[in-house]
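Engineer: Model the full assembly from the supplied sequences, consistent with the hints where possible.
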Amino acid sequence: MTDAPAVRPPLPPFTEESARVKVQAAEDAWNSRDPERVALAYTEDSVWRNRDRFLTGRAEIRAFLADKWERELDYRLRKELWAVTGDRISVRFEYEWHDAAGQWWRSHGNEQWEFADDGLMRRREASINDVPIAAEDRRLV
Numbered sequence: 000m001t002d003a004p005a006v007r008p009p010l011p012p013f014t015e016e017s018a019r020v021k022v023q024a025a026e027d028a029w030n031s032r033d034p035e036r037v038a039l040a041y042t043e044d045s046v047w048r049n050r051d052r053f054l055t056g057r058a059e060i061r062a063f064l065a066d067k068w069e070r071e072l073d074y075r076l077r078k079e080l081w082a083v084t085g086d087r088i089s090v091r092f093e094y095e096w097h098d099a100a101g102q103w104w105r106s107h108g109n110e111q112w113e114f115a116d117d118g119l120m121r122r123r124e125a126s127i128n129d130v131p132i133a134a135e136d137r138r139l140v
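Numbering that gives the first Met the number 0 numbers the first residue of the sequence shown as 0 and each following residue consecutively.
To be clear, the hints were calculated from the coordinates, so they are not data collected in a lab. All C-beta atoms, glycine included, are put in the ideal place defined by N, C-alpha and C. Treat the hints with care, since some could be wrong.
Heads up, simulated SDA-like pairs for lysine to any residue below, C-alpha to C-alpha not over 25 Å straight-line [said to hold, decoys possible]:
#1 Lys67 to Arg122
#2 Lys67 to Gln102
#3 Lys67 to Asp116
Cβ-Cβ distance ranges computed for the label pairs, FRET-style [unchecked claim]:
#4 Pro8 to Asp98: 19 to 25 Å
#5 Pro131 to Glu35: 26 to 32 Å
#6 Leu139 to Ala65: 35 to 41 Å
#7 Asp27 to Trp81: 32 to 38 Å
#8 Val140 to Gly85: 34 to 40 Å
#9 Leu10 to Ala65: 36 to 42 Å
Structural biologist: Right, here's the structure in full:
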C-alpha cells in the first residue's frame, strides 16, 4: 500500500477556485474506482459517516470502497461544489451504477468535508438516497 503524500494541495483555507479544484480531484479519484487511490486523500484517522455506516481510518475506508465497487458496477459519479468556508467544503453529487441483476440506480447525495492543514480530508459526512432507473434514463455515460 502506498503512503499518502505529506501534503495534498490545494490546502485550506479554501477559496471558491481552490475548492473547485479539490472537488474535481475527488470526482476524478472516485471515478477511477480504485480504493487505494481514493483512500490516500484521507487522514490515517479520518472519520466517515456514509449513509448508516460509520468508519474510522484509512484502512476501513479502503475496505469499504473495495466492497462498494464490487457491488456498484459501472459506477460513474459527478460532484458539484455547493459551499466553501475555511477548511470545509460542501458538495452535492449524483452517481449511477447497476447491481449484479442489471438494475440501474441513480444515487443522489450531499457531503460535508473537513480538511487537515496538509490538505487531507479528516472528516466526511455523506447522506445518500438511491432511485431505481431504466438503463435508457442514464445521464452519466
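Engineer: Could you tell me which of the hints above the structure violates, numbers in ascending order?
Structural biologist: The structure conflicts with hints 3, 4, 6, 7, 9, although it agrees with all the remaining ones.
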